[in-house]
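*Asks:* The sequence shown begins at 1 in the working numbering and counts up by one.
Calculated from the structure, these hints are not laboratory results.
Incorrect hints may appear among the rest.
What the hints assert, rightly or not - Computed cross-link-like contacts, DSBU-like style, restricted to lysine-lysine with a CA-CA straight-line distance of at most 35 Å: (1) K341 / K317; (2) K418 / K467; (3) K64 / K199; (4) K418 / K513; (5) K199 / K304; (6) K330 / K341; (7) K349 / K139; (8) K408 / K341; (9) K516 / K263; (10) K513 / K357; (11) K407 / K349; (12) K418 / K313; (13) K277 / K225; (14) K408 / K139; (15) K460 / K225; (16) K467 / K591; (17) K591 / K476; (18) K521 / K349; (19) K330 / K277; (20) K511 / K341; (21) K41 / K64; (22) K460 / K330; (23) K349 / K330; (24) K330 / K304; (25) K467 / K263; (26) K599 / K511; (27) K305 / K357; (28) K262 / K330.
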Amino acid sequence: MSHYQSKLKLVFVSLVSIVALVLFSFSARTPEMTSVELMNKYTDELNQSVIALDNVASNYKYGKVGLDSLQHTLLNTRLCYKKIEFFLAFQYSEYVNEHINGAPLLHIERSGTRASVLAPEGLQVLDELIFSENVADEKTDIAATAKKLRSNYGLLFANMNKKVQTNIAEISSMRLELVRIFSLGLTGFDTPGSVNALKESESSLEGMRIFFSMNYPDKDNNNAKEIIALFDNAILELHTTTSFTTFDRLSFLTTYIDPLYKKMGSIPVNTDPEFMKNTTAWNSGSSSIFSADFLNPYFFTQLKKEEDNQELKSLGKMLFYDPILSNDQKLSCASCHQPDKGFADAIPKSMSSIQGKTVLRNAPTLLNAVYADRYFYDLRAFSLEQQAEHVIFNSGEFNTGYSAILKKLGASSLYTAKFKEVFGNNAITRDQFSKALASYVLSLQSFNSPFDKFVRGETKEISQDVKNGFNLFMGKANCATCHFAPTFAGLVPPFYSDNESEILGVLADPKAKVVKLDSDKGRWDNTIYSEQAWIFEKSFKTTTVRNAELTAPYFHNGAYQTLEEVIEFYNQGGGEGMGLTVANQTLAADKLNLTEKEKRELIVFIRSLNDVSSAR
1 MSHYQSKLKL
11 VFVSLVSIVA
21 LVLFSFSART
31 PEMTSVELMN
41 KYTDELNQSV
51 IALDNVASNY
61 KYGKVGLDSL
71 QHTLLNTRLC
81 YKKIEFFLAF
91 QYSEYVNEHI
101 NGAPLLHIER
111 SGTRASVLAP
121 EGLQVLDELI
131 FSENVADEKT
141 DIAATAKKLR
151 SNYGLLFANM
161 NKKVQTNIAE
171 ISSMRLELVR
181 IFSLGLTGFD
191 TPGSVNALKE
201 SESSLEGMRI
211 FFSMNYPDKD
221 NNNAKEIIAL
231 FDNAILELHT
241 TTSFTTFDRL
251 SFLTTYIDPL
261 YKKMGSIPVN
271 TDPEFMKNTT
281 AWNSGSSSIF
291 SADFLNPYFF
301 TQLKKEEDNQ
311 ELKSLGKMLF
321 YDPILSNDQK
331 LSCASCHQPD
341 KGFADAIPKS
351 MSSIQGKTVL
361 RNAPTLLNAV
371 YADRYFYDLR
381 AFSLEQQAEH
391 VIFNSGEFNT
401 GYSAILKKLG
411 ASSLYTAKFK
421 EVFGNNAITR
431 DQFSKALASY
441 VLSLQSFNSP
451 FDKFVRGETK
461 EISQDVKNGF
471 NLFMGKANCA
481 TCHFAPTFAG
491 LVPPFYSDNE
501 SEILGVLADP
511 KAKVVKLDSD
521 KGRWDNTIYS
531 EQAWIFEKSF
541 KTTTVRNAEL
551 TAPYFHNGAY
561 QTLEEVIEFY
571 NQGGGEGMGL
581 TVANQTLAAD
591 KLNLTEKEKR
601 ELIVFIRSLN
611 DVSSAR
């Protein structure tokens, strides 16, 4: 290409960008209407598009329309949904997740002591079906799913309260939508078939931009003007970007998403305290998606924030490192969770209290362990305190009980003095013991890594390998569709109140010439009978990749010694991708086709998440 042609191409691209911005600005100007009228308009547009999708899906089933028409109609319906998602997914979160746009995965419904397996419903399911390679074989399922969507959304549409809760929907729901766009939208989680993530994120931002500009029309308000400008520029960035694979997610986060999140957070709101208390771990007072206080750790514990203090943490730390807690007084919590090893223990499976035997699984890090609604690889514990109980009563670990522990603590002049200092009475109770231990484990938070500080603007430089690795993690490598930002664990955005478990097809020995699956049945054997279902066989909790460099070996069986082995496992598509039969593998079996350079960049990014400052 000549120099003249290059300049001509540059001018043409610039003109296209300017025209796109003008067109967007024009389209964003809507006739004067109230917030309720706008919500009515958006929700009605979605209703009409859902009806159209049902009709086209039925016609496709009977060969009356082609695949192009079906795909186009679905994409349009999803864009209509995305424009109003900030409102619907906030006000009707459970219903929307269950029936309108939940993950395309089998799940259970508890009925007494039984678990019934339910098929997924909604737009994500249709996205996966309609853009699959075997779409011609899915005609009946596509038509049935579209009809069910029409019924489900029609029911919501007919009964929804159109009155907007201005103190919540205008600010908190939009800030959570920014989190959703970043953690679920731009990663491709929400578009498993079409990978239309960029256009859908654009539609989400456009819907919020129009709503915000209508409700904050004061042109003298600099903060509002800056927010609208950020919306406009973010939309333009997405509008003029075409490649999902090469999209610079880190730049988009630091330039648009996080600044929008921060500036909108500065607008005073009266957030519903019951919603915050019962629905989400999200801290609306946080100023960045990567803030250390982005999530509220007390959401996950029986310990209340007002009960916690430095003295309680200090007592908990004493207990954590003291082998007096175990029956033979040889094991402490720190035996398996060592600070210099990222609060893991660097062996495949920890040694048990029984000579020559190990515990069932690898010891995960306790850094950020509090940020979970379920504990252990098989999710058998429902709180941080209950997690400790399993260790206390396990015959292969502490092999004791609360009465024995309290008796030993009561016989110690050091502990009796310390408990009295913290709690103000002479008694040492089970509740006091649990609160102290929880306080210390809760304090092991890790959100001040080099990467966190860069995103928050506390440091100005980070290597290009880290940037590339993050973009791979959030995009092509598909890591972030299970290891959700910013915890990079299985705690699901944007409410961060539920944990996912995944079936990966982990090998018993990745170095073996003949590969075979690990025999551990995982969640299926967790003894929670109301959850016993075949979809949980070999399903394990998705743990964090923060501090992963420090916590080798990996996976529940500790069979993978290096990050290189782990990444190659995912690169091959897990067990199923390696040719093994894995029932209901939730990890896509498609190979990622990562280059050696990309694998190295992923590891460099993971290393940038190291932070053990809370251990000091």
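*Asks:* Does each hint fit the structure? Answer for all of them.
*Replies:* Against the structure, the hints:
no.: 1; hint: K341 / K317; in the structure: 17 Å, holds
no.: 2; hint: K418 / K467; in the structure: 47 Å, violated
no.: 3; hint: K64 / K199; in the structure: 28 Å, holds
no.: 4; hint: K418 / K513; in the structure: 56 Å, violated
no.: 5; hint: K199 / K304; in the structure: 42 Å, violated
no.: 6; hint: K330 / K341; in the structure: 20 Å, holds
no.: 7; hint: K349 / K139; in the structure: 47 Å, violated
no.: 8; hint: K408 / K341; in the structure: 29 Å, holds
no.: 9; hint: K516 / K263; in the structure: 52 Å, violated
no.: 10; hint: K513 / K357; in the structure: 27 Å, holds
no.: 11; hint: K407 / K349; in the structure: 30 Å, holds
no.: 12; hint: K418 / K313; in the structure: 12 Å, holds
no.: 13; hint: K277 / K225; in the structure: 32 Å, holds
no.: 14; hint: K408 / K139; in the structure: 67 Å, violated
no.: 15; hint: K460 / K225; in the structure: 26 Å, holds
no.: 16; hint: K467 / K591; in the structure: 23 Å, holds
no.: 17; hint: K591 / K476; in the structure: 11 Å, holds
no.: 18; hint: K521 / K349; in the structure: 16 Å, holds
no.: 19; hint: K330 / K277; in the structure: 40 Å, violated
no.: 20; hint: K511 / K341; in the structure: 24 Å, holds
no.: 21; hint: K41 / K64; in the structure: 30 Å, holds
no.: 22; hint: K460 / K330; in the structure: 47 Å, violated
no.: 23; hint: K349 / K330; in the structure: 17 Å, holds
no.: 24; hint: K330 / K304; in the structure: 31 Å, holds
no.: 25; hint: K467 / K263; in the structure: 24 Å, holds
no.: 26; hint: K599 / K511; in the structure: 19 Å, holds
no.: 27; hint: K305 / K357; in the structure: 39 Å, violated
no.: 28; hint: K262 / K330; in the structure: 49 Å, violated
Of the hints listed earlier, those the structure fails to meet are numbers 2, 4, 5, 7, 9, 14, 19, 22, 27, 28, in rising order.
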